[in-house]
Amino acid sequence: MTPDLLAALTAARAAKRPVVVATRLPDGAQRLLPDAHAPAELAAAAERALADDRSGTVKLADGEWFLHVHNPPLRLIVVGAVHIAQALVPLAAQLGFAVTVVDPRRSFATDERFPDVTVRTDWPDEAMDVLAPDVRTAVVTLTHDPKLDDPALDRALRSPAFYIGALGSRKTHAARLKRLRALGHDDAALARIRGPVGLPIEAVTAPEIALSIMAEIVAVRRGAPIAATPPAAREAA
Amino acid sequence: MSTTQAEDVLTVAAAWRAQGERVAVATVTETWGSSPRPAGSQMAITASGRMAGSVSGGCIEGAVADAARKTIETGMPQLLDFGVTNERAWEVGLACGGKVKVFVEALS
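First to last, the protein sequences are chains A and B.
Quick note on numbering: the first sequence equals residues 1 to 237 in this note's numbering.
Quick note on numbering: the second sequence equals residues 1001 to 1108 in this note's numbering.
Using 20 Å as the maximum straight-line C-alpha spacing, the simulated EDC-like pairs for lysine to aspartate or glutamate come out as follows: (1) Lys59/A to Glu1030/B; (2) Lys147/A to Glu126/A; (3) Lys16/A to Asp129/A; (4) Lys1099/B to Glu64/A; (5) Lys16/A to Asp116/A; (6) Lys1070/B to Asp27/A; (7) Lys171/A to Asp150/A; (8) Lys59/A to Asp1081/B; (9) Lys16/A to Asp1008/B; (10) Lys16/A to Asp35/A; (11) Lys1070/B to Asp1081/B; (12) Lys16/A to Asp134/A.
Here are the computed distance ranges between Cβ atoms for each label pair: (13) Asp111/A to Ser1108/B: 35 to 43 Å; (14) Arg222/A to Glu1073/B: 33 to 41 Å; (15) Asp187/A to Ala1015/B: 45 to 53 Å.
The hints are simulated quantities; they were obtained by calculation from the structure and are not laboratory data.
All values reported here derive from a predicted model rather than from experimental measurement.
Where a beta carbon is used, it is the ideal one built from N, C-alpha and C, also for glycine.
Only chain A is shown next, with the shape it has when bound in the complex:
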């Protein structure tokens, strides 16, 4: 890899731009895509690889190419700068997520409690409008406070976020769904919310709950069978 290509790749990553490093095998000819001057066949293959978020080889007219996808990191938006969030943030970062914590309560959302992470102290609905969750974003609400959780969940449901989780007991969750239904969300939309949040591993401590949440996010992301089972059906089993 040439210094120029590495510099271009580093710049793209810093700007959170999705790029592909294409390497011809086995001679090692390389280029960074998207690139307006790239051959159409290679450009199209790179576009597909980015959309699939999958690195791999393709056979083209001028040989076999390895397409190495560099998508920006997945994002995790955590609403509620609570104790569980303190455990969740480093775990999510370790798993490769770019994490943002949202909590307008400044006594919770302090740099001391959340070093090395973006903390926003605007209201969750305003924060969500700015953060604009996409298909590579997970949203987790942890405040237990309807006036903070509900606006965040309302915005999350109106977004294509790949994961939406809400902390709270079954009773809390039922009441939450009733309120969100009143905001115009139908049952199909509400079924996107994972509540009680996390895989059922009998988690008790904050780090254990964080682990169950991240395990569920990974399961959903990877299409694991356990992620397809809604919480209610799991409990019945």
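Since the structure of chain A is provided, determine the placement of chain B on it from the hints.
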């Protein structure tokens, strides 16, 4: 998520090179059967013996590091093919019986 891991390896490789190390990067390009690391997984190797990242569950890293040192010396990239039967897997590398191709290039 594998993408992020791979990116971290490149960051490490770039930092090593900035320190004056001679560096090669190995990347999994294809896998078949059960192999522990997906295409795009990366490992950085220096002529001085430093390593970061992985291209398998630890089975072939030694062989890849040897090949990487050769690439650092010659400047020539290599496409390595680790494909083995289950019976012979312990000798050559992949105990899981999977197959992987690994591209090794110098960070010039």
